[in-house]
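**Student:** Whole structure, please, built from the sequences with the hints as guidance.
Residue numbers (our numbering), protein chains in the order written: chain L, 96 to 380; chain R, 19 to 269.
Certain hints may be false.
Reference excerpt, derived from the structure (chain R facing chain L, CB under 7 Å, subset only) [said to hold, decoys possible]:
#1 Gly136
#2 Gln162
#3 Glu188
#4 Ser191
#5 Ala192
#6 Ala195
#7 Ser196
#8 Ala199
#9 Glu200
#10 Val225
#11 Tyr228
#12 Ala249
#13 Glu251
#14 Thr252
#15 Asp258
#16 Arg262
Capping the alpha-carbon separation at 27 Å, the derived lysine-lysine pairs in BS3-like fashion look like this [claimed, not checked]:
#17 L:Lys196 - L:Lys230
#18 R:Lys103 - L:Lys295
#19 R:Lys238 - R:Lys44
#20 L:Lys196 - R:Lys238
#21 L:Lys230 - L:Lys219
#22 R:Lys103 - R:Lys182
The following residues of chain R were derived to be distant from chain L, with all beta-carbon distances above 10 Å [claimed, not checked]:
#23 Gln31
#24 Ser49
#25 Gly114
#26 Ala143
#27 Glu144
#28 Gln198
#29 Ser224
#30 Lys238
#31 Gln245
#32 Leu250
Worth flagging that the hints you see were computed from the coordinates, not collected in a lab.
Glycine included, every Cβ here is placed at the ideal spot set by N, Cα and C.
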Amino acid sequence: MAQDTLLEVDGLTVRFPSVHGPIEAVRDISFAMGREKIAIVGESGSGKSMTARAILDLIRPPGERIARSIRLDGTDLTRLSPRQMRQVRGGRITMVMQDPKYSLNPTMSVGAQLYENWLIHVGKPKRLSRAAGQKAVLEMLEAVQINDPPRVARSFPHELSGGMGQRVMIAMMLIPQPELMIADEPTSALDVTVQMEVLKLMDGLVARNGMGLLFISHDLPLVSRFCDRVLIMYRGRIVEECRADRLHEAQHPYTQGLLSCLPSYAQRGHPLATLSRDAGWEVAP
Amino acid sequence: MNKNPSSGMIEVQDLSVRYGDFVAVKGVSFSVAAGETFGLVGESGSGKSTILQALAGLADDWSGSMSVDGLALVAGARRSLAFRKHLQMVFQDPYGSLHPHQTVDQILSSPARIHGFGSIDRRIAEVMEAVGLGPQFRFRLPHQLSGGQRQRVAIARALIVEPKVLLLDEPTSALDASVQAEILNLLVTLRHERGLTYLLVTHDLSVVAYLCDRLAVMEKGSFVETQPIEALETGAFDQDYTRRLFAAAAR
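**Tutor:** Here you go:
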């Protein structure tokens, strides 16, 4: 991994003003990843989604992003102009959000949306024909294992199930052949059986296209099966990093607490463990 | 309203629920004994929440029969005050189910007043203590509370009228894992202390495994199978669909 660093975040802070003084949603975090599947896990408010948004420079004023550097394959994203950043966003880095119902345009057919994205990131820059774009759209729908791509291309988002919508979303995010895909709770709105199908699909596509995947989730058991490495965030800081398959050996009391509070058949008749939060967890390690 | 003392706490016979032309629940029957916790499991659109809504009187077009503690629901008629007192509901989203402009005190006092309880002030203090909310929260608004605290308020609102049955619709799905553990512990304690009967709807088999005594698996409006909870330890299910669900959840 170290020999092939794809993304390197150095000293990232996200700060919002409030009447009680500035609030830091992300506090001076640093991490590096290669072309691998890395998860950021934490509870709501831990700063995991803000980290993803900050990488794409999507923090809205009055919030501000402060970072020593955010390097994507050598390019420091913090030094790019807004215009240059727009080419990275949705091009070299794409993002899949939680709920396809809100991230697809309800007034455009699926095919038209995919085509528009292709036109902006592939067709126009490479001066390709309309026919090439339409072919690319159908190929992408096929790549995400949609039966009958022409029919789905003609349909509108409200005609699709949650799982289909998320496949369409992933297809759209693959079109520019990104180096890095950020997925923010991509399967949390889906039924469990569909969840596994979508994860398997993403797994295959990441491997095939040699992308990096930054997977944001609150679900520790899920990421331990799906990802290579896990970063655990608590109140804006990364408190622990471990190999996904070694999650059960996690050292930090917060990580251990998150794992031990899960309900199961074996726990029946016993009260579940709850977290007793320690002020010390908020201090930089 | 005939009382039938020999039946279970919740009796549902051949229940069908329609939304226009769409049949959301197709001839479902089950019985839940007093003090039992029964889980309804299935994917989105399988009809599990619709059963709760029918029991809560929120679905108009239904056929079959439903009764709670021997009090029958009559299609097309208003549910009696007694029926509504016996059966209270806790919803998934504590952000959407509390009035944003009412304090915890107001949220808790109105059901108590509707059901004619006296000494409301003392009742509110008691029920807040029962759900683990300190007195400092009494005059706060929902947006000043965390997700877990709001779900405690929603549970307190259900409990203040001393119901026999709680309908729980994904009560912990919107919560963080550590907060989910706190709410599940609370539900177990309350069930024990007050002899409550729970009907729980969830997509999360691990919550069912922890909390329920029996479960029914739904697909496309029908029960696929009903099993004692031990089936979740062994995975001994009759139907392919349930086995797939179990495998996906077991991860």
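**Student:** All the hints need checking, so say for each whether the structure fits it.
**Tutor:** Right, here's what the structure says about each hint:
1. A least Cβ separation of about 34 Å between R:Gly136 and chain L goes past the 7 Å threshold, and the interface hint is therefore violated.
2. Checking R:Gln162 against chain L: minimum C-beta separation of about 14 Å lies over 7 Å; hint violated.
3. Given hint, R:Glu188 at the interface with chain L, is violated; its Cβ is 13 Å from that chain's nearest Cβ, farther than 7 Å.
4. About 10 Å separates the beta-carbon of R:Ser191 from the nearest beta-carbon of chain L, more than 7 Å, and the hint is not met.
5. Checking R:Ala192 against chain L by beta carbon gives a least distance of about 9 Å; that is not within 7 Å, so the hint is violated.
6. For R:Ala195, the shortest C-beta to C-beta distance to chain L is roughly 5 Å, which falls under 7 Å, so the interface hint holds.
7. Given the 7 Å rule on beta carbons, the hint for R:Ser196 holds: about 4 Å separates it from the nearest Cβ of chain L.
8. Because the smallest distance between the Cβ of R:Ala199 and any Cβ of chain L comes to about 4 Å, under 7 Å, the interface hint for this residue holds.
9. Because the closest C-beta pair between R:Glu200 and chain L is about 5 Å apart, less than 7 Å, the hint holds.
10. With a cut of 7 Å, the hint placing R:Val225 at the interface with chain L holds, because the nearest CB-to-CB distance is about 6 Å.
11. A hinted interface residue such as R:Tyr228 counts as satisfied when its beta carbon comes closer than 7 Å to some beta carbon of chain L; here the least separation is about 3 Å, so the hint holds.
12. Interface hint at R:Ala249: violated, since its Cβ lies 10 Å from the closest Cβ of chain L, which is beyond the 7 Å cut-off.
13. The criterion of a C-beta within 7 Å of any C-beta in chain L is met by R:Glu251, whose closest approach is roughly 5 Å, and the hint holds.
14. This hint is violated: R:Thr252 has a C-beta 9 Å from the nearest C-beta of chain L, more than the 7 Å allowed.
15. For R:Asp258, the suggested interface contact is broken, since its CB lies about 12 Å from the closest CB of chain L, more than 7 Å.
16. Among the interface hints, the one on R:Arg262 holds; its C-beta lies about 6 Å from the nearest C-beta in chain L, closer than the 7 Å criterion.
17. Only pairs whose Cα atoms come within 27 Å are accepted, and L:Lys196 paired with L:Lys230 is accepted, the gap being roughly 25 Å.
18. Between the alpha carbons of R:Lys103 and L:Lys295 the distance comes to roughly 47 Å, so the proposed pair goes past 27 Å and is violated.
19. Note on R:Lys238 and R:Lys44: the hinted pairing holds, with a Cα-Cα distance of about 8 Å set against a maximum of 27 Å.
20. Of the pairs offered as hints, the one joining L:Lys196 and R:Lys238 holds, with about 22 Å between alpha carbons and a cut-off of 27 Å not exceeded.
21. Straight-line distance between C-alpha atoms of L:Lys230 and L:Lys219 comes to about 15 Å, which keeps the hinted pair within the 27 Å bound.
22. Between R:Lys103 and R:Lys182 the alpha-carbon distance is near 8 Å, which keeps this suggested pair within the 27 Å criterion.
23. For R:Gln31, the requirement that its beta carbon stay farther than 10 Å from each beta carbon of chain L is met, with the minimum near 29 Å.
24. Against chain L, the non-interface label of R:Ser49 holds: every CB pair exceeds 10 Å, the least being about 22 Å.
25. Distance to chain L confirms R:Gly114 as a non-interface residue, since its nearest Cβ pair spans about 15 Å, more than 10 Å.
26. No beta-carbon of chain L is positioned within 10 Å of the beta-carbon of R:Ala143; the least distance is around 24 Å.
27. Every CB of chain L is more than 10 Å from the CB of R:Glu144 (nearest about 22 Å), matching its label as outside the interface.
28. With a least CB separation of 7 Å from chain L, R:Gln198 falls inside the 10 Å interface cut-off, contrary to its annotation.
29. Non-interface call for R:Ser224 relative to chain L: violated, since the shortest CB-CB distance, roughly 5 Å, does not exceed 10 Å.
30. Non-interface call for R:Lys238 relative to chain L: holds, since the shortest CB-CB distance, roughly 13 Å, exceeds 10 Å.
31. R:Gln245, annotated as away from the interface, keeps every beta carbon of chain L farther than 10 Å; the closest lies near 13 Å.
32. The beta carbon of R:Leu250 sits about 5 Å from the closest Cβ of chain L, which is not more than 10 Å, so the claim that it is off the interface is violated.
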